[in-house]
Amino acid sequence: MRTKTKIGCLLAALSLALMILSACGTSPTAAPANGTGGPASTSPAEKYPAKPIVVLHPHGVGGITDTATRALQPFWEEELGTQMIVDNHTGAGGQISWTMLRDADPDGYTIASFVQPHVTFTMLLQNAPYSWDDFYIFGLLHEDVNAVDVLKTSPWNSMEDMIEDMKARPNQYSLGAVGRSDSELSAYIMMDELGIEFNLVLFDGGGPARTALLGGHIDGYLSGEFSMYGIKDSIKVIGLFGDEAQSLFPEGLPVNDQVKEKYGVEFPTLSSVRGYGVTKAFAEQYPDRLKILEDTFIKAVNNPAHIEALKAIGGDTILTPKIGDEADKEFKAISDLYAQYQDKFK
Amino acid sequence: MIDVQSLVEGFFLIFTLEGILCLLLGMAWGIVAGAIPGMTGTMATIILLPVTFSFETMNAMIMLTACYVGSVYAGSITAILYNCPGDPSSACTAFDGYPMAKKGLANEAQGLSLSASALGGWASYVVMLLFMKPIADFALRFGAPEMFMLAMFGMAVVASIGSDSIFKGVLMALFGLLLGTLGIAPTGSLRGTFGIPYLMDGIPFVSALIGLFAFTELFDLITREYVMEDDHQGESGSVLAQNKFTVKRVFKGMLQTFSYRATLIRGWLIGTLVGALPAAGSSVASLISYTQSKQYSKNGKEFGTGHPEGVVASESANNASTGGAMMTSFTIGIPGSATTAILLAALMMHGLNPGPRLFNEHMPMVYGLTLCVIIGNIVMLCEGSFFAYLFSLTMKIRTMYLVPIITLFCVIGSYSIGATLYDVIIMICFGVLGVLFKRNGYPSIAIVLGMILGPIADGNLIRTAMTYNGNFSVLFTSPICIFLLLLALCSVVVPLVLARNKTISQLKIDD
Chain A
1 MRTKTKIGCL LAALSLALMI LSACGTSPTA APANGTGGPA STSPAEKYPA KPIVVLHPHG
61 VGGITDTATR ALQPFWEEEL GTQMIVDNHT GAGGQISWTM LRDADPDGYT IASFVQPHVT
121 FTMLLQNAPY SWDDFYIFGL LHEDVNAVDV LKTSPWNSME DMIEDMKARP NQYSLGAVGR
181 SDSELSAYIM MDELGIEFNL VLFDGGGPAR TALLGGHIDG YLSGEFSMYG IKDSIKVIGL
241 FGDEAQSLFP EGLPVNDQVK EKYGVEFPTL SSVRGYGVTK AFAEQYPDRL KILEDTFIKA
301 VNNPAHIEAL KAIGGDTILT PKIGDEADKE FKAISDLYAQ YQDKFK
Chain B
1 MIDVQSLVEG FFLIFTLEGI LCLLLGMAWG IVAGAIPGMT GTMATIILLP VTFSFETMNA
61 MIMLTACYVG SVYAGSITAI LYNCPGDPSS ACTAFDGYPM AKKGLANEAQ GLSLSASALG
121 GWASYVVMLL FMKPIADFAL RFGAPEMFML AMFGMAVVAS IGSDSIFKGV LMALFGLLLG
181 TLGIAPTGSL RGTFGIPYLM DGIPFVSALI GLFAFTELFD LITREYVMED DHQGESGSVL
241 AQNKFTVKRV FKGMLQTFSY RATLIRGWLI GTLVGALPAA GSSVASLISY TQSKQYSKNG
301 KEFGTGHPEG VVASESANNA STGGAMMTSF TIGIPGSATT AILLAALMMH GLNPGPRLFN
361 EHMPMVYGLT LCVIIGNIVM LCEGSFFAYL FSLTMKIRTM YLVPIITLFC VIGSYSIGAT
421 LYDVIIMICF GVLGVLFKRN GYPSIAIVLG MILGPIADGN LIRTAMTYNG NFSVLFTSPI
481 CIFLLLLALC SVVVPLVLAR NKTISQLKID D
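So the sequences go chain by chain: A and B. Numbering-wise, the first sequence is residues 1 to 346 according to my numbering. Numbering-wise, the second sequence is residues 1 to 511 according to my numbering.
It is possible that some hints are incorrect.
Have a look at the derived ranges for each label pair, beta carbon to beta carbon [as the list claims (entries may be wrong)]:
1. Val86(A) to Lys298(B): 46 to 56 Å
2. Gly351(B) to Lys329(A): 25 to 35 Å
3. Ile425(B) to Asn127(A): 20 to 30 Å
These are calculated hints, taken from the structure and not from any lab test. C-beta: ideal position from N, C-alpha, C; glycine also.
Using the sequences provided together with the hints, build the complete structure.
Listed below in structure tokens is the structure:
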């Protein structure tokens with residue numbers, strides 16, 4: 001009997017704790033906006049930002065995207081004159097974070113970090129509860145162009161070396177890529193367009209993939225260059241899936257320059273693009289606040305101190321800062337390419 | 001092998017007032033945070049990370065690594081006191097530590113775990129200082145087939161632990177393996193998510209751990225007045241009445257460690273090597289060390305009933321693995337564990353890119369950091385014994401106060417993983433499952449180990465198939481694979497043969 005009472009108390013304590021937590025968890029979304037919910041109280045005189053801005057972050061602390069955001073954070077804070085709270089909500093390939101943004105109050109105090117093609121994958125493959133009509137991408141930060149990386153000791157010095165070897169011995173070579181990424185797509189396009197056959201090895205993160213490359217367990221690795229900077233001395237880049245050699249690895253020639261004439265194949269630009277977005281509702285209701293976000297963003301990105309900070313970790317050459325409709329259009333257009341190849345991804 | 005000049009430079013880098021202060025504070029935070037159930041070392045380090053942004057690089061790194069080392073040790077504090085491992089890597093410590101605490105030997109068990117941790121950690125960092133490069137190169141030789149075999153070896157040893165019945169152990173391990181496969185497969189397809197987006201990343205492992213151990217234990221605790229059992233009658237009354245916790249008894253336990261030298265060395269070797277492998281980590285290290293010691297020690301049969309050697313086996317390995325993990329992290333720039341991933345992130349945020357370049361260009365810093373952890377392990381002995389004593393005093397708190405507090409920690413701890421209520425719900429589900437398993441004698445630890453090893457085995461088997469175009473023969477031709485396969489077979493067959501021989505000799509005696 002006493003035991004039962006105690007179990008009862010335990011359950012009561014538990015439910016209390018749960019209630020407190022759920023109250024915390026839903027407060028940013030459940031609180032009604034400004035009483036009546038409309039933009040009634042939006043006199044242009046109202047100061048923005050008047051409180052800290054939450055940056056929803058779809059990936060974990062310490063990842064490439066997180067590092068980029070945190071490198072920018074102090075400079076952006078300086079411009080905005082308020083604190084920014086980087087809030088990492090990992091899960092479901094970013095879907096958790098982006099759903100949280102969609103549900104947040106459209107007042108400009110919640111923004112999110114966006115990554116392409118990851119957003120596209122949540123929409124195409126996971127029935128994400130949002131679409132591009134829900135968001136407005138106000139600033140582009142990086143474009144990390146996908147590349148073919150091999151060990152310094154590899155016999156391949158160009159795309160041609162690799163393609164000819166693969167043609168001579170189909171399915172004897174392996175290339176690694178991180179699953180559900182621009183590099184996975186580049187592998188499929190290579191197989192289809194060049195008519196080559198190789199073993200595509202998918203990894204769930206860049207770390208294990210780089211280990212496999214360094215250990216010689218795969219013959220090459222398809223990846224954005226930013227993450228390769230740390231092992232720069234052990235590898236060489238034999239091809240870039242972008243138009244120009246905006247490369248951290250100056251020796252890396254664009255794939256198109258190498259294969260267009262010989263094989264008559266032209267690749268689209270394949271890259272990971274990172275940027276920041278808000279809800280479309282906010283963009284329409286508060287154009288003045290959006291303008292502040294855009295202006296402070298571009299100033300912070302172009303701050304020489306920020307560029308200097310990125311230089312040390314190899315992130316300065318991939319900066320492609322853009323704002324406004326141009327950023328929005330360019331970011332969303334990437335999704336079209338993946339829609340074409342949707343059935344390649346399971 | 002050692003660049004003496006860099007070593008000396010590194011020495012002067014860390015011996016500054018701020019450096020030492022960072023070491024002391026980072027260690028204290030690591031121990032306190034690591035001891036709270038549900039606060040893993042990874043979380044403790046993540047919380048500390050923003051604090052260190054404004055520090056000088058060296059000081060920031062000292063603080064973070066001290067926190068990492070302290071938290072790996074501290075997971076054992078609550079594992080011993082309440083059977084709630086503060087960190088997955090201390091799960092094996094609870095096997096013998098908790099029974100010891102119930103017998104009233106909590107302080108001794110803490111002393112054992114503290115000195116085993118410090119010695120294991122200390123020795124592994126000395127190895128790191130001497131052989132950083134060769135060990136990292138060795139670790140690189142582990143590709144997908146080798147990692148798969150390592151996981152298989154782990155599965156083989158799981159079956160033999162924590163239960164009187166091998167069948168129940170295997171069943172639980174397979175259940176854990178199944179749970180570990182939920183979510184996005186390495187091929188990109190979804191498995192067992194039932195359309196719930198939260199399940200796409202699989203079952204959050206720490207939630208399951210808190211549920212299965214800490215939360216389950218609560219149901220046991222509320223039926224008692226104190227954590228220690230009253231039915232263990234000492235010579236002059238109950239253990240409870242005559243039990244006084246003292247720092248002296250912690251020291252006594254620390255000295256006791258030296259009686260188990262072979263286990264200590266085994267744990268250190270296993271820990272350093274397993275820790276160096278990318279993505280294996282301290283949980284796997286302590287598991288392998290514990291089961292190997294159980295097999296080869298003459299006290300093996302008493303493992304699980306509160307034998308000091310079990311604590312030594314688990315704790316020496318999990319701390320030794322921190323050395324190995326940091327070795328791979330710094331030299332090849334690829335994290336050996338979740339927490340070292342955070343350390344690497346910290347380096348990047350301070351404008352240093354980890355990897356061979358760091359190793360070549362910032363040699364004094366790498367050496368300084370290694371030295372700092374070597375000293376840190378000595379600091380840990382002092383700070384650790386103090387905190388271990390403090391925490392042991394909570395054993396004197398009546399469960400009617402203790403249980404609500406631990407409940408709160410369980411909920412907050414699991415919530416903090418992904419900042420969603422989903423993690424808490426998972427924790428509660430596993431808590432209920434844990435009660436059912438415990439009542440029926442199924443070892444919950446096997447589920448956890450299955451969940452750790454499952455994704456390693458799963459992903460690497462798929463990658464083996466992808467790399468070799470569906471040809472699995474490499475699993476039986478790679479030298480490392482063959483070695484691991486033989487080890488796995490041994491760990492299954494040897495206990496069976498031993499048991500059979502024993503029965504035969506038993507029969508002879510009976511004749």
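request  = If any of the earlier hints don't hold here, list their numbers in rising order.
outcome  = Of the numbered hints given earlier, the structure breaks none, since each of them holds.
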